[in-house]
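Trainee: Sequence:
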Amino acid sequence: MLQGKVLVAQGGGPTAVINQSLVGAVLEARKFRNVSLVYGALHGVRGIVDEELVDLTQETTHNLEMVGDTPSSALGSTRDKPDRKYCHEIFEVLKAHEIRYFFYIGGNDSSDTVRIVAEEAAKANHPIRCIHIPKTIDNDVVLNDHTPGFPSAARFVVQSFLGANLDNRSLPGVYIGVVMGRHAGFLTAASALGKKFPDDGPHMIYVPERVFKIDSFLADVRQAVDKYGRCVVAVSEGVHDESGTPIITQLAKKVERDAHGNLQLSGTGELAGLLCDQVKEKLGMSRVRGDTFGYLQRSFIGCVSDVDQREAREVGEKAVQYAMWGEHSGSVVIERTGYYSVDYKLVPLEAVAGKTRTMPDEFLSASGTDVTDAYRLYLRPLLGKSMPDAYRLRQNKVAKILKA
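Read in order, the letters of the sequence shown are residues 1 to 404 in my numbering.
To be clear, the hints were calculated from the coordinates, so they are not data collected in a lab. Owing to the predicted nature of the structure, the values given are computational and were not obtained by experimental measurement. Misleading hints may appear alongside valid ones.
[What the hints assert, rightly or not] Quick list of in silico lysine-lysine cross-link-like pairs, DSSO-like style, CA-CA up to 27 Å: (1) K403 <-> K227; (2) K400 <-> K227; (3) K403 <-> K123; (4) K227 <-> K282; (5) K85 <-> K95; (6) K81 <-> K355; (7) K397 <-> K196; (8) K31 <-> K95; (9) K227 <-> K196; (10) K213 <-> K280; (11) K123 <-> K81; (12) K345 <-> K81; (13) K345 <-> K355; (14) K385 <-> K196; (15) K31 <-> K345; (16) K227 <-> K280; (17) K95 <-> K123; (18) K385 <-> K345; (19) K123 <-> K227; (20) K355 <-> K85; (21) K397 <-> K385.
Input sequences plus hints: build the corresponding full structure.
Mentor: The following block contains the structure:
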């Protein structure tokens, strides 16, 4: 085992259970005698470069446990996407502070950062273990059956569409809910598990894995309204046309971009409003409403999967165990074993870094606007215990007298 300090950081979008991974890693690391101190970096890799570090060795176990049950990133996060020069700066800070174990909790970009830092350390012949701990609500980290953070966000989406459908059934109209998912539709597809009765919404689900056509969308809405007298739609923020161009760029007059040049898909509310306008203008429907779930689905307190909590804690613990007992850097992945249990393995960083997983064809219906039973069976155990349910009156109608 290497003798020295541990550094833990959190990157990318927060989740409801990312702090479980943090606490799992911290508490597990504090068990090992070869670990002198456990540090945390404020605001991810930016905090490392700026040397904004805190000593987590001084935190009480009780407070850490309370933080573990709290959504969002306790250390703060960052959207920085380090290049090799940036990663070299990270490595120099790690070396200066005698960090021997570096754990970075994050998604695709974070895994790539860990890979480059590990390569920089290897070039300098500096002894350090660099471990990527997976998280993302998009569920798009490759080699993982699922990623911590996704099940809780999916639980939120299921319950939200369950409620939206009940509302829509009481006062019929067209409802469009836009869910996060730039390249992968796992989270949007979760809306399907809110359906109980044959006429329940969402009546259509649109994900980035399938081409989105405005004309087909409008025809689907018309068909659902003709059949059910109403329509509930779930759509991923990243839906695109045949050329791969996001639909929002076709409909919006002005498109915002982030600091990295990426289209601003989340948090603007644009897509929901623009699709509602299309329904109003092209189909002549008046009661049309849209919501953008935005940040609500990421860290919504009180809507957390117990399965997600447990697994997020365990990936943090296993990351430390692999670092202490192993000889290589890597990324921890979740593998499903049976129905339902999981195992944790360490894979090479280059096998995960910078890659994006999307929904397999077996999870999507032939129509492209629904999911299959295979997806429902895949997702259901991840949602955890005590999922809410909805019931209906049987409506034993009384015979009319005046209107007979």
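Trainee: Tell me, in ascending order, the numbers of any earlier hints that this structure violates.
Mentor: Hints 3, 19, 21 contradicted; others consistent.
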